[in-house]
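Enquirer: Below, each chain spelled out in residue letters.
Protein chains: 2
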Amino acid sequence: MWEITEPDLAPIALGAAVLGTGGGGNPYLGRLRVLQVMRTGGQVRVIEPDEIADDDLLVAVGGMGSPMVSHEKLAGGDEETVAARALESHLGRKFDAIAPFEMGGSNSMVPMVVAAAMDIPIVNGDGMGRAFPELQMITYLIYGGSPYPAAIADERGSQVVIAEVPDAKWLERIARAATVEMGAHTGLASAVMDGAYCRRSIIPNTLRLASDIGHAVHHAREVKDDPSEAILGVAGGMRYLRGKVTDVHRRNAAGFARGQMTVAGIGDDAGRTIRIDFQNENLAIYEDDEPQVMVPDLITLVTSDTGEPITTELLRFGVRADVLVLPAPDLLRTPEALAVVGPHAFGIDADYIPAV
Amino acid sequence: MWEITEPDLAPIALGAAVLGTGGGGNPYLGRLRVLQVMRTGGQVRVIEPDEIADDDLLVAVGGMGSPMVSHEKLAGGDEETVAARALESHLGRKFDAIAPFEMGGSNSMVPMVVAAAMDIPIVNGDGMGRAFPELQMITYLIYGGSPYPAAIADERGSQVVIAEVPDAKWLERIARAATVEMGAHTGLASAVMDGAYCRRSIIPNTLRLASDIGHAVHHAREVKDDPSEAILGVAGGMRYLRGKVTDVHRRNAAGFARGQMTVAGIGDDAGRTIRIDFQNENLAIYEDDEPQVMVPDLITLVTSDTGEPITTELLRFGVRADVLVLPAPDLLRTPEALAVVGPHAFGIDADYIPAV
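Taken in sequence, the protein lines are chains G and R. The first sequence begins at 1 in this note's numbering and counts up one residue at a time. The second sequence begins at 1 in this note's numbering and counts up one residue at a time.
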């Protein structure tokens with residue numbers, strides 16, 4: 001058990017945004033919410049997966065919806081807690097711990113807000129090891145967890161419990177449709193599970209990894225080292241290209257920010273041009289008209305000078321960025337996982353070949 | 001207490017479709033569902049509002065979605081029962097009786113299916129005294145009933161509990177969005193209420209009224225009387241026009257069948273042409289470019305020769321129809337009700353003037 005305190009938040013938010021591959025919402029808004037909770041006495045305690053008891057009851061929480069909207073709306077701030085409490089009330093049982101949904105900007109912070117509000121710990125790990133756009137793309141559901149019950153809540157006081165669905169894709173469809181109607185952003189609680197299953201399906205240690213990445217970037221900035229090298233030193237992987245964002249097409253459709261960007265190489269990479277497709281998160285790098293890097297590998301953009309992660313909603317023409325590729329966690333590389341989060345699941349006509 | 005048996009169903013379905021003003025779904029599909037329940041031993045018992053105990057727990061049930069879809073899909077048949085049971089489970093309490101949602105084709109039959117399956121009675125009355133397209137347009141909600149919890153279920157096994165909403169319009173929006181995603185037809189259970197409130201807010205005796213209308217039409221057919229006159233003799237009101245449907249514009253948008261039809265007068269009415277706007281249900285009659293009859297007055301089309309009600313999904317060019325206007329129940333004419341079901345609520349720029 002360890003405790004996350006105020007000075008830990010900035011590096012964790014930064015590192016989680018690196019792992020977030022462009023999605024997960026704005027990390028700084030999420031950080032403000034945690035700070036608010038901490039400054040009113042809330043404690044964020046972290047336990048390791050092996051500290052979970054077999055019969056503990058866990059739930060994953062996160063914000064649902066287009067990151068463009070959550071950036072604009074600065075939601076009420078307790079939707080995820082309301083959703084988790086709605087599930088407790090539906091189940092007639094209290095949760096013992098919060099399992100983070102994904103690493104990603106805002107969604108790396110949300111579990112801390114909920115855990116502090118409910119006075120229970122969060123687990124050092126998450127269900128994606130990165131961020132993904134859809135609910136069924138979470139290891140807690142991929143490896144046999146039940147897609148129901150789940151709950152969503154909005155800042156106006158609406159609460160919807162999805163009491164039963166045939167499968168995780170129907171959870172995604174129904175929760176997404178309700179979320180769009182509720183203003184395109186809701187707090188979500190789903191993947192109710194016991195401790196024994198959580199230990200098997202969680203991607204471990206990602207909160208610590210995010211923190212280590214963040215600290216490495218902060219250190220590199222201080223000593224004027226290359227921040228991208230610092231990230232790769234902690235997380236592994238490679239710099240695919242150093243370049244400049246020359247074009248961004250983005251539309252907000254059906255609750256997602258979908259689009260593509262073009263990055264033109266500079267320096268050693270001058271003359272190369274790549275395209276990156278995204279659906280909230282970066283999905284694939286195309287070069288010479290072929291997919292070169294694909295989900296579930298992590299494709300993340302950071303500013304070349306400061307290593308600041310660039311989320312898809314903040315993408316804009318002219319930004320100088322390093323395109324990094326980090327390795328996908330083992331639990332995302334199995335056949336079960338690739339069926340849900342591999343290239344074909346996103347309409348990319350290629351088999352997954354790990355790029356790193 | 002009385003019991004509805006097989007021979008009662010045809011007249012009730014016919015009379016309810018007359019009161020349904022074009023909406024409520026296809027009455028014959030609903031009737032088949034009740035017959036199936038009756039033939040497997042299910043009993044449909046009816047109680048009067050004054051037989052409800054003050055602390056009885058009641059719920060309204062009905063099919064939600066575009067009638068065009070329910071006509072095509074012939075839904076699984078127990079969605080509304082599943083929705084009611086999901087609410088029981090959410091509340092931790094059993095329902096004592098079913099309060100019909102609306103009089104309308106299919107939705108006049110649905111409460112019988114649910115009541116027989118749950119072995120509880122239905123009340124002789126309903127929440128609209130006709131059919132309306134949206135959830136908030138129900139007397140159970142208009143007069144102060146809580147818009148939550150409510151539940152919807154589909155034939156694939158999805159169940160969604162709307163645990164809390166700011167108001168009835170949000171219930172409508174969220175339930176409609178989820179319904180559209182779930183295939184445009186769901187079973188709905190909502191307006192949980194106690195017996196004392198149900199007695200105050202229910203439009204009484206409409207099941208009996210539907211039955212009387214149906215019997216009157218059947219009798220008129222046998223003795224070759226004018227079936228429209230038979231309907232007006234029981235329900236009051238007037239024949240606005242005898243004519244032929246000359247044009248129908250209809251589109252299935254956002255879970256509703258919206259459109260307008262033109263009816264050209266024949267016989268004594270030759271030379272007159274009217275337009276009727278509908279949103280699942282018929283909303284207003286325009287003649288000489290002015291609204292002449294408006295919600296909540298009941299505008300219903302029946303075939304001139306046999307008095308068969310014509311639902312909006314079965315409307316087609318060339319049908320010879322009597323356009324009947326029946327009086328709105330008193331509970332729909334109050335200021336509270338007109339704010340929700342009057343002309344302005346449907347975008348009709350006119351104050352309500354009763355036509356009959």
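In case anyone wonders, no lab produced these hints; they're calculated from the structure. Since the model is a prediction, treat every value here as computed from it, not as a measurement. You may find that some hints are simply not true.
To be verified - The calculated lysine-lysine pairs, modelled on DSS-like cross-linking and capped at a C-alpha distance of 30 Å, are:
| no. | chain 1 | residue 1 | chain 2 | residue 2 |
| --- | --- | --- | --- | --- |
| 1 | R | Lys224 | R | Lys244 |
| 2 | G | Lys224 | G | Lys244 |
| 3 | G | Lys94 | R | Lys94 |
| 4 | R | Lys94 | R | Lys169 |
| 5 | G | Lys169 | R | Lys169 |
| 6 | G | Lys169 | G | Lys244 |
Enquirer: Hint by hint, note whether the structure agrees.
Expert: Evaluated hints:
1. For the suggested pair Lys224/R and Lys244/R, the alpha carbons sit about 21 Å apart, so the restraint of at most 30 Å is met.
2. Of the supplied pair hints, the one linking Lys224/G and Lys244/G holds, its CA atoms being roughly 21 Å apart against a limit of 30 Å.
3. Restraint check for Lys94/G and Lys94/R: satisfied, since their Cα atoms lie roughly 24 Å apart, inside the 30 Å limit.
4. The straight-line distance between the Cα atoms of Lys94/R and Lys169/R is roughly 26 Å, inside the 30 Å bound, and the hint therefore holds.
5. As the CA atoms of Lys169/G and Lys169/R are separated by approximately 28 Å, the hinted pair is consistent with the 30 Å bound.
6. Distance hint between Lys169/G and Lys244/G is unfulfilled; the C-alpha atoms sit about 36 Å from each other, more than 30 Å.
The structure is inconsistent with hint 6 alone, although it conforms to all the rest.
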